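Work out the full structure: start from the sequences and follow the hints.
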Amino acid sequence: GAGVSQSPRYKVAKRGQDVALRCDPISGHVSLFWYQQALGQGPEFLTYFQNEAQLDKSGLPSDRFFAERPEGSVSTLKIQRTQQEDSAVYLCASSFTDYGYTFGSGTRLTVV
Amino acid sequence: KQEVTQIPAALSVPEGENLVLNCSFTDSAIYNLQWFRQDPGKGLTSLLLIQSSQREQTSGRLNASLDKSSGRSTLYIAASQPGDSATYLCAVGFGNEKLTFGTGTRLTIIP
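Those protein sequences? They're chains A and B, same order as listed.
Position 8 (the first sequence) corresponds to 8 in the working numbering; numbering is contiguous.
Position 30 (the second sequence) corresponds to 30 in the working numbering; numbering is contiguous.
Derived by calculation from the structure, the hints in this document are not laboratory data.
A quick note: this is a predicted structure, and the numbers were derived from the prediction, not measured.
Think of the CB as a built atom: it goes at the ideal place given N, C-alpha and C, for glycine as much as any other residue.
Some clues are possibly wrong.
Unchecked claim - In silico contact screen, one side only, chain A against chain B (beta carbon under 10 angstroms); selected entries:
{"hint": "1", "residue": "Gly3"}
{"hint": "2", "residue": "Arg9"}
{"hint": "3", "residue": "Gln37"}
{"hint": "4", "residue": "Gln41"}
{"hint": "5", "residue": "Ser58"}
{"hint": "6", "residue": "Gly59"}
{"hint": "7", "residue": "Leu91"}
{"hint": "8", "residue": "Cys92"}
{"hint": "9", "residue": "Gly100"}
{"hint": "10", "residue": "Thr102"}
What the hints assert, rightly or not - Derived BS3-like pairs (lysine-lysine); straight-line CA-CA distance at most 25 angstroms:
{"hint": "11", "chain 1": "A", "residue 1": "Lys78", "chain 2": "B", "residue 2": "Lys98"}
{"hint": "12", "chain 1": "B", "residue 1": "Lys98", "chain 2": "A", "residue 2": "Lys57"}
{"hint": "13", "chain 1": "B", "residue 1": "Lys42", "chain 2": "A", "residue 2": "Lys11"}
{"hint": "14", "chain 1": "A", "residue 1": "Lys57", "chain 2": "B", "residue 2": "Lys1"}
{"hint": "15", "chain 1": "A", "residue 1": "Lys78", "chain 2": "A", "residue 2": "Lys14"}
Shown next, in the form of structure tokens:
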């Protein structure tokens, strides 16, 4: 596709529920990133893939967060046993060259 | 830990004025710095990328400068227009591709 596609655009989850957020990067983009953006804050790094390899997951806030990119294209960010503090916009970005980022529109997660 | 600060947090100016947004960072050993624009409910759009060896970059009415030694960058917007209203974010990178973002400046251009 022409851009980075994220789905769903909005997700409301009950506390304790598991959620899965999908990112479809630009075809051919090697690098894929997940960021978390709380209301009124800048995005914060979660994790980074180069092809299917997860090279950095230092930003994942707890072991309830898990990301995968099994075939080096589509990525899924999974959050288990959601908590209210997980409410945020989750942004995905992909790039082909160093720092040529293209961001998706994000998934707004609300945990009630 | 790298800290990125943006001042002011919000800014309103009349249409047609020139304006400057500020970004400061604590660790000067950066690989590059980027300015992004974020519209409500949307993702981020990259505006300008400055490599650590560069002092400034220009695109149309936008000019970004970088002073690594003092840990500062500015984004200058000339002849502002209502369509420039958005949140502007700066982000620094360290060569491992991940970015550290500031909290942003919410800009409103008054017609």
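Verification of the hints:
1. Gly3: 9 angstroms, holds
2. Arg9: 9 angstroms, holds
3. Gln37: Status holds, d = 8 angstroms.
4. Gln41: 6 angstroms, holds
5. Ser58: Nearest chain B Cβ about 9 angstroms off; hint holds.
6. Gly59: Constraint on Gly59 of chain A satisfied, holds at 8 angstroms.
7. Leu91: 6 angstroms, holds
8. Cys92: 8 angstroms, holds
9. Gly100: For Gly100 of chain A, the interface hint holds, since the closest Cβ of chain B sits about 8 angstroms away, which is under 10 angstroms.
10. Thr102: Holds, about 8 angstroms.
11. A:Lys78 x B:Lys98: Given that 25 angstroms is the threshold and the Cα spacing comes to 20 angstroms, the pair holds.
12. B:Lys98 x A:Lys57: 11 angstroms, holds
13. B:Lys42 x A:Lys11: Distance ~15 angstroms between Lys42 of chain B and Lys11 of chain A Cα, so the pair holds.
14. A:Lys57 x B:Lys1: Given that 25 angstroms is the threshold and the Cα spacing comes to 16 angstroms, the pair holds.
15. A:Lys78 x A:Lys14: This hinted pair holds, its Cα atoms lying about 15 angstroms apart.
The earlier numbered hints are all upheld by this structure, with none contradicted.
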